[in-house]
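S.K.: As you go down the protein sequences, you meet chains R, W and E in turn. Our numbering applies: residue 1 is where the first sequence begins, and numbers increase by one. Our numbering applies: residue 1 is where the second sequence begins, and numbers increase by one. Our numbering applies: residue 1 is where the third sequence begins, and numbers increase by one.
Honestly, I wouldn't trust all of these hints.
Claimed, not checked - List time: in silico DSS-like cross-link candidates among lysine-lysine, alpha-carbon distance up to 27 Å:
#  : chain 1 : residue 1 : chain 2 : residue 2
1  : E       : K356      : E       : K51
2  : E       : K460      : R       : K56
3  : E       : K374      : E       : K104
4  : R       : K5        : W       : K203
5  : E       : K404      : E       : K374
6  : W       : K100      : E       : K404
7  : E       : K216      : R       : K149
8  : E       : K468      : R       : K149
9  : E       : K51       : E       : K64
10 : E       : K83       : W       : K100
11 : E       : K468      : R       : K56
12 : R       : K149      : E       : K80
13 : E       : K391      : E       : K89
14 : E       : K64       : W       : K100
15 : E       : K275      : E       : K341
16 : W       : K100      : E       : K80
17 : R       : K65       : E       : K83
18 : E       : K318      : W       : K100
19 : E       : K280      : R       : K149
20 : E       : K275      : E       : K302
21 : E       : K302      : E       : K318
What the hints assert, rightly or not - Just so you have them, the derived chain E footprint on chain R, three or more residues with Cβ under 8 Å:
#  : region
22 : 134–140
23 : 147–160
24 : 254–264
25 : 273–287
Keep in mind that the hints were calculated from the coordinates and are not lab data. The model shown is predicted, which means the values in this text are computed figures rather than measured ones. Each residue gets a CB set at the ideal place from its N, CA and C atoms; glycine is no exception.
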Amino acid sequence: MRHGKARFVAGFLALPVALYLFYVVWPFVQAVAYSLTNWGGFSDTQEFVGLANYTKLIQDELVRKAFWHNVFFLVTVPLFTITLALFFAFLLNVGGRGNRAGIRGVFGSSIYKIIFFFPQVLSLVLVAIMWSAIYRGDGQGLLNGLLIKVGIVDPEQPVKFVSDPSPFLGVPTVLWWLLLIAVWGGVGFYMVLLSAAMQSIPRDIYEAALLDGASRVHTFFRVTLPLLRDTVSVAWVYLGFIALDMYALVFVMTPSQGGPDHASEVFASVIQFNAFQRGQFGYACAIAVALAIFTLLLAAVQLRITRRERIEF
Amino acid sequence: MSTVTTPAAGGPATRSTVGPDRVGGPPPKSRRASGSLSDSVFSGFSHLFLLTWSVMVVFPLLWVVLSAFKDDAQIVRSPLSLIPNGLHWDNFSRAWVNGKFSSVFLNTFIIVGGGVFLTMLLGSMAAYVLARYEFPGNRVIYYTFLAGLSLPVYMAAVPLFKGTDNVGQLFPLLGLNSHLMLILVYVAWSLSFTVFFMHSFFKTLPTSVAEAALVDGASHTSLFFRVMLPMARPGLISIGIFNVIGQWNQWYLPVLLMNPPGGQTKNQVLAQGLIELSVNQGYKSDWSGLFAGVTMAMLPVLVVYIVFQRQVQAGLTGSITK
Amino acid sequence: MSVIPDKSSDLTRRKLLGRAAAAGLLATPAASVLAACAGGSSGSKTNTGTKGPDNPFGVADNSKVDVVVFNGGLGDEYPKFDKTLFDGKHGKVTVNLSSTQKIKTEQQPKFSTTPADLINNSGADSMALDTLVNDGALTDLSPLLDAPSWDDANTKVRDTLLPGTVSDGTFSNTFYVMNYAYTVFGVWYDQALFDKNSWTVPTTFDEFFTLAAKIKAAGIAPFAFAGKYPYYMRWALMSWIWQAGGKQAMVDIDNLKAGAWKTPEVTSVISNVEKLVKDKLTLTGSDTLSHTESQQAWLDGKAAFLPVGTWVENEMRKTIPSAFKMKIANFWANSASDKAKGAVFAGSGEGWIVPKKAANAAGGMEFLRAMLSKAGSAKFAELTSSLASVKGSGDNVTNSTALKSANDVMKAASGDLVSFKHPDWYADIDKAEQNAIGELMAGRMTAAKFQDTMQAAADKVAADSSVKKQTRT
């Protein structure tokens, strides 16, 4: 039984690993190589410059700005998405008329689950069109039109949404509006995920809690949530990856891809600008590599902190 | 592929640590009194929040679909309106032609079909071996796959393009503008996500069944295909659906790689057709055509999701339990 | 594109196929990995054919020419007509036309390996010219200028072009970019609306402010602009600066001269623009609108003036109201004491380039020669309601008030045409300028701050030795 093992393992891994190495790893290795040069991106000429690009990026004001904006998303995207997802999962599984052991979901929960998931299914083009119309900065925008009709917004001063660099709680307003889109898109998926996780918790645990006189809310915070910890922590890491990217949203929704006036720059837009507009492909690769290292370290740290014993039941 | 396709949230991510599957029978009845006022209020509040969010999700979507039936004048002048002032079916035919939908739909079906099949097959094979077999380099390979989740695809663009072009000189089937090439690229870029998920799934499958089968003389390969893979069905379907959605909506890689020099007919996919329509919009207003095109593009994957949503959820549930 | 493999890659391939057979695995990844390592050069140039007056660049028979057309506001129909012209003189050469809107995304990755022979580098996703020039990635097109024109062997192509076309395409003293469309920029308005209200087009900023009060009283916004794309408003600003300070003012700005952004003339212009915004003379929300959104609002009668170029008629064709009489006027002067009053901002645009690594550069240039023919340019004007950069292209178009008024503006132009280079030369200044204009037009930046910001940006680039500098006169 053991003899065939090596050949079996190698055989099963060969093709996937080969494809992955060629189409994913190798291009990145090349990008790392480029980061050590001053290649412009269009010609054949490039010179080795060692770590010069890396020292440059540490002092780059734009990179610094992008860093803080990404940190904002890093904190808020997982926080709001998972909180809302937990809230809705709670309502779906526990928020109904309860005469059973805290598992009675609200009526129509399966329909809600289907609907909530929709944003996941949509392509970027669709999301961009939708939200551009919603966020349009004059009276013809969906939100502005609504708010003006209701009287909350002055027709002479429509809300600027993603064209607004003024700070709100210390952070450019445009970032908050982008956050809304990100959360809108993500909540449904994580709600379904957490819902599934909640349903896999055995009933007798709930039973025991209720026998002891715990209320629904109490049960949720003291029993359910701790048991969901692993799912939540991995979801947090994954949403962190999204937060450190945000390329698509910034690219399609903001003026000048990172504006107005650099108010929504993220690593992705700075990398784009350097690679394809300033003609500094090598430098852009250095920023990207730095970002990749930061991302991986962050993930490793997060998973380490939240790791703990397997719970068997 | 999630880092590229989904603008908001990515795919599922769980690490299963809980125990045996509770094939849920009916929940035991509680001994509490039933139907108190606070319960109703609570339930009412729940519906309020849930309905509000549902509206936030459905309304924009509905607006796009209904706008697909309007004409440009109505879209531009009364954008908030939900009722089209006429059923302008020509929007759809115009979008179909301008977006070259007949060919892009066909190309997309071929590429996504091949892509998802291969992704699930190879991804499961790799994940299974990594999850259940000890061997030197196991951790390294696993983490290499994981690392892909955090890497932005556009930085790999130029090397990826060059590499594909160079291969294409030797083997045109693997070069630019080839269906097979794009399938392989999709597979490679979906492996991180698939391996990550299926790995935790396979880790939770019981060892007893495997041992029994091996004792009975089954080879590792037949153990995988005959026993383990079927047991992993919920996860396979669930992750398969996610891959379908992701690869269906993928736009960056096709725009990069399905663009040969010169006048060859580009084998474009649906996302590129949509981009044609939407960027066109920046130069020659045709809002109604754009909305119609976007509606048509969205329908197949929406239908797939609705049809399979039970399996998707079962898969998610099953992956978390054992 | 047929590739004749050179000796070294041939050997590599054979060696690796051998190894592959031994290992029992597909060699494909390995072979391509090594090939990809080998650096990006590929392909050989197409052999040249015999040169002559009808084939000045020596396009070879049986070769092919790959042409990438930008399918934007001007559409992609006119190159198809040019192809028939080309086929008429070069029956044995195959022209492959492809059209797209994502020039940079599609063409840039292959620029150093297998680019097309002729590319229309335009649109929002176009490649940065300064990088292309600095990287030495473009073919010198001066042979095109000195070649005999398509219709008359005794006239050089150079002499058939409208003023400014050659200098617009010259970077680092070399002619790299063949700008095909001739666009006139100005403020656009509806003659019917103006007739109804007895308004006349202002000739100075002061006149505009007076008129603006009347326009506002009628419930219309005097001025709209595409806030989402600050480079639209930039055209107006640059025109005003040129008129106010003369050509020298712009030359100084382009040459990164110290203090060029702080002269009294520039100060006057920016202050007037600041007043435009502060007095609420702009359409509400205009600073967030895209070009089509602001143009539609203007067509709907919500605003009187809109700064844009002659492509606007073609772009908005589907929704122009039938009673709308679209006309263009030159940007009004900054004040009565302008040094270059009456200068028009018109110039060539829609840049066509031939990559240095193009396999059939001769074919690319010959296709351009066909485009620049009388028939080609007349067809272009007919199809797009836009002028071509060839003299006389618009003389026979009668169905467009917009085009006719553009013609009139050109005829009334005095002195040099307005032109500015700094955004094309320096990406950092371009970005800083667009950001600053965005802030200025949103009312978040004062005139003084704008000037300080621009001067700082210019000074920073001037002091940066790693940036290649260009100059102009």
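S.K.: Evaluate each hint against the coordinates.
M.R.: Hints, verified against the model:
Distance restraint check for K356(E) and K51(E): the Cα-Cα separation of roughly 20 Å lies within the 27 Å cut-off, and the hinted pair is therefore satisfied. Taking the CA atoms of K460(E) and K56(R), the gap is near 16 Å; set against the 27 Å cutoff, the hint holds. A C-alpha spacing of about 30 Å is found between K374(E) and K104(E), which places the hinted pair above 27 Å, so the restraint is violated. For the hint linking K5(R) to K203(W), the alpha-carbon distance of about 18 Å falls within 27 Å, and the restraint holds.
Proposed proximity of K404(E) and K374(E) is supported: the alpha carbons are some 19 Å apart, at most 27 Å. For the suggested pair K100(W) and K404(E), the alpha carbons sit about 36 Å apart, so the restraint of at most 27 Å is broken. The suggested pairing of K216(E) with K149(R) holds, with an alpha-carbon distance near 23 Å, which does not exceed 27 Å. About 54 Å separates the Cα atoms of K468(E) and K149(R), which puts this hinted pair outside 27 Å; it is violated.
A C-alpha spacing of about 17 Å is found between K51(E) and K64(E), which places the hinted pair at or below 27 Å, so the restraint holds. About 23 Å separates the Cα atoms of K83(E) and K100(W), which keeps this hinted pair within 27 Å; it holds. Under the criterion of a C-alpha separation no larger than 27 Å, the hint pairing K468(E) with K56(R) is consistent with the structure, at around 18 Å. Proposed proximity of K149(R) and K80(E) is contradicted: the alpha carbons are some 50 Å apart, above 27 Å.
At most 27 Å may separate the alpha-carbon atoms for a hinted pair to count; K391(E) and K89(E) meet this at roughly 22 Å. Of the pairs offered as hints, the one joining K64(E) and K100(W) holds, with about 26 Å between alpha carbons and a cut-off of 27 Å not exceeded. Restraint check for K275(E) and K341(E): the C-alpha separation of about 21 Å stays at or below 27 Å, so the hint holds. The suggested pairing of K100(W) with K80(E) holds, with an alpha-carbon distance near 19 Å, which does not exceed 27 Å.
Our distance criterion of 27 Å between C-alpha atoms is broken by K65(R) and K83(E), whose separation comes to about 49 Å. Note on K318(E) and K100(W): the hinted pairing holds, with a Cα-Cα distance of about 21 Å set against a maximum of 27 Å. A threshold of 27 Å between alpha carbons decides the hint, and for K280(E) with K149(R) the separation of about 22 Å falls inside it, so the pair holds. Annotation: proposed proximity of K275(E) to K302(E) holds, straight-line Cα distance about 20 Å (limit 27 Å).
Distance check on the hinted pair: K302(E) and K318(E) sit about 18 Å apart at the alpha-carbon level, within 27 Å; holds. A stretch counts as covered by a chain when three or more of its residues have a beta carbon under 8 Å from one of that chain; for the region 134–140 of chain R and chain E the count is 5, and the coverage holds. Taking a C-beta to C-beta cut-off of 8 Å, the region 147–160 of chain R contributes 5 residues in contact with chain E, enough for the three needed, and the coverage statement holds. Residue count for the region 254–264 of chain R with a Cβ under 8 Å from a Cβ of chain E: 6. That meets the three needed, and the coverage hint holds.
Coverage of a stretch by a chain is defined here by at least three residues with a beta carbon nearer than 8 Å to that chain's beta carbons; for the region 273–287 of chain R and chain E the count is 5, and the condition holds.
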